Amino acid sequence: MAKTGNEVDQYRRRFLIRSAGQACGAALLGIGLLTLARQTYGLPAEAIRPPGALAETDFLAACVRCGLCVRDCPYNTLKLSELGDKVTTGTPYFIARDIPCEMCDDIPCVVACPTGALDKKLTDIDDARMGLAALVDQENCLNFLGLRCDICYRVCPAIDKAITLDTIHNPRTGKHTLFIPVVHSEACTGCGKCEHACILPEAAIKVLPARLAKGAPGQHYRLGWEEKQKAGSSLVAPDKEHKYNLPEGYRYEYEGQGLIKENDSGETPFSSNPLDTLNQGRQQ
Amino acid sequence: MSNTLLRPGADAIAVKGWWSAHQWLILRRITQAGILGLFLAGPLLGVWIIKGNIASSLTLDILPLSDPYLLLQSLFAGHWPETTVVIGAFIVAGFYFLVGGRVYCGWICPVNPITDMAAWFRQRLNIKGGARFPRQSRYWLLAMTLITASISGSLLWEMVNPVTMIYRGLIFGMGMAWFLVLALFLFDLFLGQRGWCSHLCPMGAFYSLLAFYSPLRVSATQREKCNDCMECYAVCPEPQVIPPALKGAEQGVGPVITGINCSNCGRCIDVCSKNVFQFSTRFKSVNNFSTVTKREAMP
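Chains as they are written, first to last, in this note's numbering: chain A, 1 to 284; chain B, 1001 to 1299.
These are calculated hints, taken from the structure and not from any lab test.
Among the clues, some could well be false.
Said to hold, decoys possible - Selected chain B positions facing chain A (in silico; Cβ < 7 Å):
| hint | residue |
| --- | --- |
| 1 | GLU1082 |
| 2 | THR1084 |
| 3 | LEU1098 |
| 4 | SER1152 |
Unchecked claim - Chain B is nowhere near these chain A residues, computed Cβ spacing over 10 Å in every case:
| hint | residue |
| --- | --- |
| 5 | THR88 |
| 6 | ILE99 |
| 7 | CYS141 |
| 8 | ARG172 |
| 9 | ALA197 |
| 10 | GLY224 |
| 11 | ARG251 |
| 12 | ILE260 |
| 13 | LYS261 |
Said to hold, decoys possible - Chain B regions said to be covered by chain A (calculated; three or more residues, Cβ under 8 Å):
| hint | region |
| --- | --- |
| 14 | 1068-1081 |
| 15 | 1157-1164 |
All values derive from a computational prediction rather than experimental measurement.
Don't be surprised by glycine CBs; every beta carbon is placed ideally from N, CA and C.
Can you make the complete structure from the sequences, with help from the hints?
Here it is, written out as structure tokens:
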């Protein structure tokens, strides 16, 4: 069945038009998807990715939503987002207030991940940075009120490193101490045990994405006292030694001793008889 | 004739008996349910044979299996994967390379029972018409999913992919995915005959590309017995693959169905009262192999 040239042309024409229609349909759908994705992507602040998770944009390229990390989590911490949840569908996350990460030494979720969405380079769970705890409510935190709750501090797996209790004067009573929980970002893994343990109906300490929990210093900022320590001396003009207008041979001790006479051999410019001093003018 | 086509298979049941006229269908349903059952045995019964879901899984703590289409999306999104998922994807791709890519669609995919049911109701209720999507649309959609993965830097299609979403949902929790099931059913019932699986699904399109050389094929071995009852066309989700094999004797085309979109579902074998079709291998019609492939690849 040989086709004439015209028939072939007609066939080609129909084929091209049909293909163009299909391509445009697919492209329209694609554009719709891309726009939709911009609105639906993004992790709610209370949802925390498993330890070792790549940065969110890389994570969404790597995670195939298989749930193997969920299966190997011994504490049922992790769950997969279901269609309709706020977290990107099918991806793993946990809510610290419900079940926090128990920071297993062998990190089974990372071991289970077949794609590297949970980075295999994470071998020490203390290096995990799932988020950063922040004591967000200083009005209701019991320690801030002067009580000794301390629960966030005591449950912290990195106690005294990730959370310390710093003491300051309690100005309300005038005679007690406030034990202020302070989170240190260089040690906090974001496991969420503090948030989970907080006894308030709504936790005063919360694990947030680091970008929400932490500020950043200006790039050009230098802390004078640190720079001075690094350099070993002042970076501006040399410090001048302060001088008091004291009589020769005297100095002032700040630590409580007050006025001190150098080379105190018991001699004073004054006679032991006060009358000598009083009569000084007359003798001269 | 139109009356028998509302209930295809009636002749076959009369001639062969109900069981023989449904054996591949039932085997397929058992496979679909069985594999899902293996996945569910862990969370429901605590028997951990397979962990994960069809996106990626670990069988007996040793065998990784991963979906090559998802890996491809991930590569397009710009992620360099760990070896585990690559090994798993190669094993899966190799398997479908041998048995036919769209065996995935017919024997594993959770959407298949839904759209099969829609097609069944459509036939029984004699629903005609609806939107007509060209069968090639799926390849454009496949390209679209990869391009948008690249643009967005994420597995964008997995936000909406009903195949992985329903399978994951059945194992990990459906959420609103039940609406997706309903939507697919209604879509296929009213909007298009075999609309999703045979025209639009980019995942099926991807798997079809693995079938160019697959040895396991259905063959119209006894095509001279065909009585033109048309029932195989009525049940086949991809009826365009049948004619070259069934009616190609005059053009010297072999009896093996080589169309890449044949899912080896075996429904044509079931409904044929003349036993025209049977499972076979591609090599039985080697002499005409290239002609048929070309025809089917570019319809």
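Results for each hint:
1. For B/GLU1082, the interface hint holds, since its Cβ comes within 7 Å of a Cβ in chain A; the closest pair sits about 4 Å apart.
2. Proximity of B/THR1084 to chain A holds as hinted, the smallest CB-CB distance being about 4 Å (cut-off 7 Å).
3. Checking B/LEU1098 against chain A by beta carbon gives a least distance of about 23 Å; that is not within 7 Å, so the hint is violated.
4. At a threshold of 7 Å, the smallest CB-CB gap from B/SER1152 to chain A is about 6 Å, leaving the interface hint in force.
5. Listed as outside the interface, A/THR88 is inconsistent with that label: its C-beta sits roughly 7 Å from the nearest C-beta of chain B, within the 10 Å cut-off.
6. The beta carbon of A/ILE99 is kept farther than 10 Å from every beta carbon of chain B, the shortest such distance being approximately 15 Å.
7. At the 10 Å boundary, the C-beta of A/CYS141 stays outside the reach of chain B, the nearest C-beta of that chain being 35 Å off.
8. Taking the minimum C-beta to C-beta distance to chain B, about 49 Å, the non-interface status of A/ARG172 holds against the 10 Å cut.
9. Distance check for A/ALA197 against chain B: the nearest CB is about 27 Å away, which clears 10 Å, and the non-interface claim stands.
10. Separation of A/GLY224 from chain B is adequate, the least Cβ-Cβ distance of about 42 Å exceeding the 10 Å criterion.
11. Separation of A/ARG251 from chain B is adequate, the least Cβ-Cβ distance of about 69 Å exceeding the 10 Å criterion.
12. Non-interface call for A/ILE260 relative to chain B: holds, since the shortest CB-CB distance, roughly 71 Å, exceeds 10 Å.
13. Listed as a non-interface residue, A/LYS261 keeps its Cβ farther than 10 Å from every Cβ of chain B; the least gap is roughly 77 Å.
14. For the region 1068-1081 of chain B, the stated coverage by chain A is satisfied: 8 residues place a CB nearer than 8 Å to a CB of that chain, which reaches the threshold of 3.
15. Residues of the region 1157-1164 of chain B with a Cβ under 8 Å from some Cβ of chain A number 5, which satisfies the need for three, so the listed coverage holds.
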